[in-house]
Amino acid sequence: MAINWFKYSSPQTFYPLAGKMVPLFMVAAAALGIAGLYVGLFFAPADFQQGEAYRIIFIHVPAAWMSMFIYLVMAFWAGIGLAFNTRLSSMMAHALAPTGALMTFIALWTGSLWGKPTWGTWWVWDARLTSELILLFLYIGYMSLAAAIDDPRRADKASALLALVGVVNIPIIYFSVQWWNTLHQGASVSISRAPSMASTMLAGMLLMVFAFWSYSIAAALMRVRIVILERERNSVWMKELNKS
Amino acid sequence: MAGCLAVVARDLLIALRHRSDVLTTFFFFVIVVSLFPLGVGPEPDTLREIAPGVVWVAALLAAMLSLARMFGADYADGTLEQLVLTPQPLVVLVLGKVAAHWLTTGLPLVLFAPVLGLQFDLSADSLVVLLLSLLIGTPALSLIGAVGAALTLGVRGGAALTSLLVLPLYVPVLIFGTGAVVAAATGAGAAGHLSLLGAMLMIALAFAPWATAVALKISLE
Amino acid sequence: MLEASQIECVRGSRRLFRNLSFRLEAHQALRVRGENGSGKTSLLRIVAGLSPAESGSVSWNEGNIRALGEDYLRDLLFLGHSNGLKDDLSPVENLRFALSLAGAGADELTLRATLAEQGLAAITDLPVKLLSQGQKRRVALARLSFSAQKPLWVLDEPFVALDAASVDRLANTITGQLQRGGMVIFTTHQEVDLPGTAMRTLELEGVH
Chain R
1 MAINWFKYSS PQTFYPLAGK MVPLFMVAAA ALGIAGLYVG LFFAPADFQQ GEAYRIIFIH
61 VPAAWMSMFI YLVMAFWAGI GLAFNTRLSS MMAHALAPTG ALMTFIALWT GSLWGKPTWG
121 TWWVWDARLT SELILLFLYI GYMSLAAAID DPRRADKASA LLALVGVVNI PIIYFSVQWW
181 NTLHQGASVS ISRAPSMAST MLAGMLLMVF AFWSYSIAAA LMRVRIVILE RERNSVWMKE
241 LNKS
Chain Y
1 MAGCLAVVAR DLLIALRHRS DVLTTFFFFV IVVSLFPLGV GPEPDTLREI APGVVWVAAL
61 LAAMLSLARM FGADYADGTL EQLVLTPQPL VVLVLGKVAA HWLTTGLPLV LFAPVLGLQF
121 DLSADSLVVL LLSLLIGTPA LSLIGAVGAA LTLGVRGGAA LTSLLVLPLY VPVLIFGTGA
181 VVAAATGAGA AGHLSLLGAM LMIALAFAPW ATAVALKISL E
Chain P
1 MLEASQIECV RGSRRLFRNL SFRLEAHQAL RVRGENGSGK TSLLRIVAGL SPAESGSVSW
61 NEGNIRALGE DYLRDLLFLG HSNGLKDDLS PVENLRFALS LAGAGADELT LRATLAEQGL
121 AAITDLPVKL LSQGQKRRVA LARLSFSAQK PLWVLDEPFV ALDAASVDRL ANTITGQLQR
181 GGMVIFTTHQ EVDLPGTAMR TLELEGVH
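Residue numbers (the working numbering), protein chains in the order written: chain R, 1 to 244; chain Y, 1 to 221; chain P, 1 to 208.
Extracted from the complex, chain R is given alone in its bound form:
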């Protein structure tokens, strides 16, 4: 049975599909999250060097990975929307951005919380945290540009170009921040140097990554439904939906 994927590429058909998928992913996120936290907080052993404080990595690292991954997915959909002039792709990119920014913020905040007991300061300019900070600016820039342009089509295209420029720049920025960090620090003060992983720690981490992933998908699907409602409110199918 061949699935006609293109059937779902219009906002009209994607809207109900997304609605059905949201609860599934939310449940998955909750289940994986609880399992991951249980493993991470209770099951995995305390770290040799950092004691209990290291446990924040079960939130910090998945959040950081998701923040990067979501940007790539967002740029991908934005690029598709720009190249093929498809509305839904651009809407998906806009739906992903706030979740990506949230992940970045969580990564920064947990990074800061980790720094305090470990290094004594609320912020450390290590390479990864600094890159995360710049990534947050890239997200905010994307959302601000889209919000500042009134015409939705121009907003889609302009923000898409910005996202693509951002994607090209991320490796350059990451590399230069790494360089900058090694230049200025003697002993490397690296929060992101995780303790060597016991297998239970790794399991906990993976569970949390999948939990964050499921949550991100659910959040993006919920948000894209709202974007669809906003953009398509004058269309025929929306009015039919309202009548029924």
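Incorrect hints may have been included.
[Unchecked claim] Just a sample of chain P residues kept apart from chain Y, beta carbon distances all over 12 Å, derived:
1. S21
2. F22
3. G34
4. N64
5. G69
6. N83
7. A122
8. S132
9. R143
10. A148
11. F159
12. A165
13. D168
14. R180
15. T188
16. L202
[Unchecked claim] Short, incomplete list of chain R residues facing chain Y, as computed with Cβ under 7 Å:
17. A148
18. I170
19. I173
If you're looking for bench data, these hints aren't it; they were derived computationally from the structure.
Note that beta-carbon positions come from the ideal geometry of N, C-alpha and C, so glycine has one too.
Position chains Y and P relative to chain R; hints supplied.
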């Protein structure tokens, strides 16, 4: 190519007649640099240490503030439309716009920076590297900034929005620009930093005009 | 030959028009008429390739203008609402620059003579910002005298701010273009007579 030179010549002519635009950017740069000793204290060792960063950040801010002028006036008076409708590759014309922008905003900074460096008691070697780093870096700033300027034409939010978009992209240039001067000051040799800066300029030269052309067409829709 | 096929135009969230088709052949003029906000400028910008149509296509000599790119631009002259002049430059300098971009060179004497024809001899070297609205419009229109090699002229409100003599002059210029085998699309609120030419009118009904 002829179109590119015509654009440069026209923009330079306008800048000549409207000197205030060029001078305000330049004086902004000078003032910002001078603010730092006032804020940080006149201790020569401290100043010598922060000098590369201060001069570079000031150059960055000055470049950013002048971005609105790159396409803003053309957008308002309709000449940008005519530029886009010219039967010549838009990428080449954009290169002309960026070149003119750099000549009027970047080059003055480059030439005057060593004087400011003296205020911070930088050594002769450091001053030379400062000049070189800005000479290579400021065109990159103009190129990268052009994309931001083109995306925000006629959009609410003005300079603040453009800055928000462009500053993260400026970070690598800033890091290697200041890195070069610091390396020269500590005797480590700036060649590595300067070549990386040069590489960034090459990448910007390869991609930014094209991205700017796409952004201009989007803004004119 | 210009062909517009099933053009749909959406501005913001309003659909201005749909299923709009027309064909323009040599020696023909098309006047686009409609109330303010009915999409006249939008249509002209779609024809010029500045704005994309929501659906439908525009073709020039059987080729989609999106695909033709520079080949289409070489045959097109577009004069929009704004004059496309730099305030700090003089009419001569503006004209010289516009022509060099378009690939049409012209020597100094010819430039000045053309501006003089438009009644602008006295102010050819003043910066444009010192000119009146009508004078600025005439400077912008001076380009038409150098655009005989461009078959398609798309003019948005070219008659605005012109005095009677200038209106006649412009009408003659347009007629000359049509007689040469060119095509002109234009919008205007005034009634304009182009004697001896085939001029059709396209009426845009406005927002539904």
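Status of the hints after comparison with the structure:
| no. | hint | verdict |
| --- | --- | --- |
| 1 | S21 | holds (22 Å) |
| 2 | F22 | holds (21 Å) |
| 3 | G34 | holds (21 Å) |
| 4 | N64 | holds (16 Å) |
| 5 | G69 | violated (9 Å) |
| 6 | N83 | violated (6 Å) |
| 7 | A122 | holds (21 Å) |
| 8 | S132 | holds (16 Å) |
| 9 | R143 | violated (9 Å) |
| 10 | A148 | holds (16 Å) |
| 11 | F159 | holds (17 Å) |
| 12 | A165 | holds (25 Å) |
| 13 | D168 | holds (25 Å) |
| 14 | R180 | holds (20 Å) |
| 15 | T188 | holds (18 Å) |
| 16 | L202 | holds (22 Å) |
| 17 | A148 | holds (5 Å) |
| 18 | I170 | violated (9 Å) |
| 19 | I173 | holds (6 Å) |
Figure legend: structure checked against the earlier numbered hints; hints not met, in rising order: 5, 6, 9, 18.
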